[in-house]
Amino acid sequence: MAARGARGPLRSFAGRGGGVGIRNWLSKRREYSRSAPETESGVGPIDSVFTKCERCGQPIYEKDLRARFNVCPHCEFHYPLPAPERVRLLTDRGSFRERDGGMFAEDPLGFDDYGQKLERARRKTGLDDAVLSGTCAIGGRRVALAVLDFRFIGGSMGSVVGEKVARTVELADAEGLPLVVVSASGGARMFEGVYSLMQMAKTSVALSRFVEGSWPYVSILTDPTFGGVTASFATAADVVIAEPGARIGFTGARVIEQTTKERLPEGFQTAEFQRNHGMIDRIVHRLTLRGDLERLLGFLS
Amino acid sequence: MILEFERPIKDFEERIVELRRLAGPSQELRGEISRLEDALEAARKRIYANLSPYQRVQVARHPARPNFRAYHDALTDDFYELSGDRLFGDDPAVRGGFARLRHGGHNVVLIGHDKGTDVKSRVKGNFGMAHPEGYRKVKRLYELAGRFGLPAVVLVDTPGAFAGREAEERGQAWAISADLMALATIPVPVISVIIGEGCSGGALAMCAADYVGMLENSYLSVIAPEACASIIFRDPGRAAEAAEALKLTARDMKERGIVDEVLPEPLGGAHNEPEAAVETVGESLNRMLSGLADTDPEALREARYERYRRIGAHASEKGLAG
Chain A
8 MAARGARGPL
18 RSFAGRGGGV
28 GIRNWLSKRR
38 EYSRSAPETE
48 SGVGPIDSVF
58 TKCERCGQPI
68 YEKDLRARFN
78 VCPHCEFHYP
88 LPAPERVRLL
98 TDRGSFRERD
108 GGMFAEDPLG
118 FDDYGQKLER
128 ARRKTGLDDA
138 VLSGTCAIGG
148 RRVALAVLDF
158 RFIGGSMGSV
168 VGEKVARTVE
178 LADAEGLPLV
188 VVSASGGARM
198 FEGVYSLMQM
208 AKTSVALSRF
218 VEGSWPYVSI
228 LTDPTFGGVT
238 ASFATAADVV
248 IAEPGARIGF
258 TGARVIEQTT
268 KERLPEGFQT
278 AEFQRNHGMI
288 DRIVHRLTLR
298 GDLERLLGFL
308 S
Chain B
3 MILEFERPIK
13 DFEERIVELR
23 RLAGPSQELR
33 GEISRLEDAL
43 EAARKRIYAN
53 LSPYQRVQVA
63 RHPARPNFRA
73 YHDALTDDFY
83 ELSGDRLFGD
93 DPAVRGGFAR
103 LRHGGHNVVL
113 IGHDKGTDVK
123 SRVKGNFGMA
133 HPEGYRKVKR
143 LYELAGRFGL
153 PAVVLVDTPG
163 AFAGREAEER
173 GQAWAISADL
183 MALATIPVPV
193 ISVIIGEGCS
203 GGALAMCAAD
213 YVGMLENSYL
223 SVIAPEACAS
233 IIFRDPGRAA
243 EAAEALKLTA
253 RDMKERGIVD
263 EVLPEPLGGA
273 HNEPEAAVET
283 VGESLNRMLS
293 GLADTDPEAL
303 REARYERYRR
313 IGAHASEKGL
323 AG
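Chains as they are written, first to last, in this note's numbering: chain A, 8 to 308; chain B, 3 to 324.
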């Protein structure tokens, strides 16, 4: 189930604009810029880099894209956002305190090259695993926060993601804090076999206690959120918010097309589709997300 | 249907039938027939003692393997079926209702995936792949079990939750998530037996239980071996390797503490002697239900929480990693 979701969205993502995906292109530029000498003005070559939006085809300066948290300034297309950037976007400056850092996945099944995949993902992202969690303040209000990072093996949920999400839920429960979880995931991490499946049960039992209390749980779904993550903690919230255009579902579109031979309608599984089908509460632009959360938490705490 | 690795067994069976026909009432070929019968038994033992994980997956999928219908026919003296999710429709891929078990006379809520017995019923039950309305019906049944203090008995046999347009439109993921949340808190014993296939979240929504049994040749996995192979090796033909890597057999699950008991199947698999396999499950259910009957509801919920909160403690702090 897991990677079914993971691959589908990835493929169709790259297919949207044609040519080299913007993310590949940007990461190539970054590699280049790291090795290139700094210019005399102290401005690295990275700041002079511009690229073409995969969606609208307009040129964008990378620094503009970064300043807008990976939202295209022309067409407002929302590119994936690394977890540390997401934390910067949502939280009061300097308020984030990471918890449970230094927790690493093992390779419980000795699965193919999973160990190497983990190593590569750690190097690429600077993260221990696909989730960053802790406490923070949003509009001056203390919140327990967990953010998934799609760059780390497709944001997939193995034992570490399950454990950290469960601990964040328990932290919110113990300290009486609102809980916010931001998802971006292909689903369960199949390299951990049945252990990854069981993380759905783990996060669910943790949440089942939290929701008996009176603190809110807000789930934010970003592109893409699929499989075991959608089918467990990501949808079990009091309020479910999604970013515009985010693809959200259980099984990825490519797998559905392969199994049912059915042509799927335009906009299938987008946030807008899910809202129209009654599955999510609101679609909120990334650059207004913090303010939106502040308003919501104001009603609930 | 003949599985490829069962071919030697089938050959012996055919030769025995042929010799019997030739011999007629005479005793002439008796020695030869008896020799072949011994060889048949030996072949069964040899083949079934050494099944690879992927061969077990094939046994778990065998069309003649006893399914939900065989179990409710043989194990209950009354099955009072309930239908519908009260929102959209009734999904015949999962069925359930009140039931009185023959073994021990327990009143329970019985739930299971129904793969069907012939082409028509298999298609009707969508080969055991439920839609959201199926999982929502299951949630209703969990809640009824909790409300009336009846243990829930769940027989798992699914290739996964259905992957289709309508399933997505009606919130497949939401329905599964709601089942997991309901399972986490219902104040009655939940007993699951994986009787065939236990694939993906569609299976987990029905087996995050207090007690999980698994028939010897059933499997439990996060993903079907074929799908796993097409992702990892870019070749669904390498499903046998994927099945090996996923560690999905009943014995693997017992060793890893994911399930509580492996229920032995008759020699040659449950499809070879369906009644015996069903009987084994019936006895196990009676044992477990009797054992859990007087457990305090709070203690049950606490134990269930601990069980699933702990699973997959394969995260380790830096420096402690093995």
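Please note that the accuracy of each hint is not assured.
Claimed, not checked - Partial chain B-side listing against chain A, Cβ under 8 Å, derived:
| # | residue |
| --- | --- |
| 1 | Phe81 |
| 2 | Arg167 |
| 3 | Ala175 |
| 4 | Arg253 |
| 5 | Lys256 |
| 6 | Glu257 |
| 7 | Ile260 |
| 8 | Leu302 |
| 9 | Ala305 |
Unchecked claim - Cβ-Cβ distance ranges computed for the label pairs, FRET-style:
| # | chain 1 | residue 1 | chain 2 | residue 2 | range |
| --- | --- | --- | --- | --- | --- |
| 10 | B | Arg253 | A | Lys131 | 31 to 41 Å |
| 11 | B | Pro299 | A | Phe306 | 50 to 60 Å |
| 12 | A | Arg270 | B | Arg104 | 23 to 33 Å |
| 13 | B | Asp296 | A | Pro251 | 53 to 63 Å |
| 14 | B | Thr119 | A | Thr295 | 37 to 47 Å |
| 15 | A | Asp119 | B | Thr119 | 48 to 58 Å |
| 16 | A | Pro91 | B | Lys122 | 39 to 49 Å |
| 17 | B | Leu89 | A | Leu307 | 20 to 30 Å |
| 18 | A | His284 | B | Asp79 | 47 to 57 Å |
What the hints assert, rightly or not - Residues of chain A clear of chain B, computed beta-carbon distances all greater than 10 Å:
| # | residue |
| --- | --- |
| 19 | Pro87 |
| 20 | Gly133 |
| 21 | Asp299 |
What the hints contain is simulated information worked out from the structure, not anything from laboratory work.
These figures come from a predicted structure and were not determined experimentally.
Using N, Cα and C, we set each Cβ at its ideal position, and we do this for glycine too.
Determine which of the earlier numbered hints do not hold for this structure and return their numbers in increasing order. Structure breaks hints 1, 4, 5, 6, 8, 9, 11, 12, 14, 15, 16 and 18.
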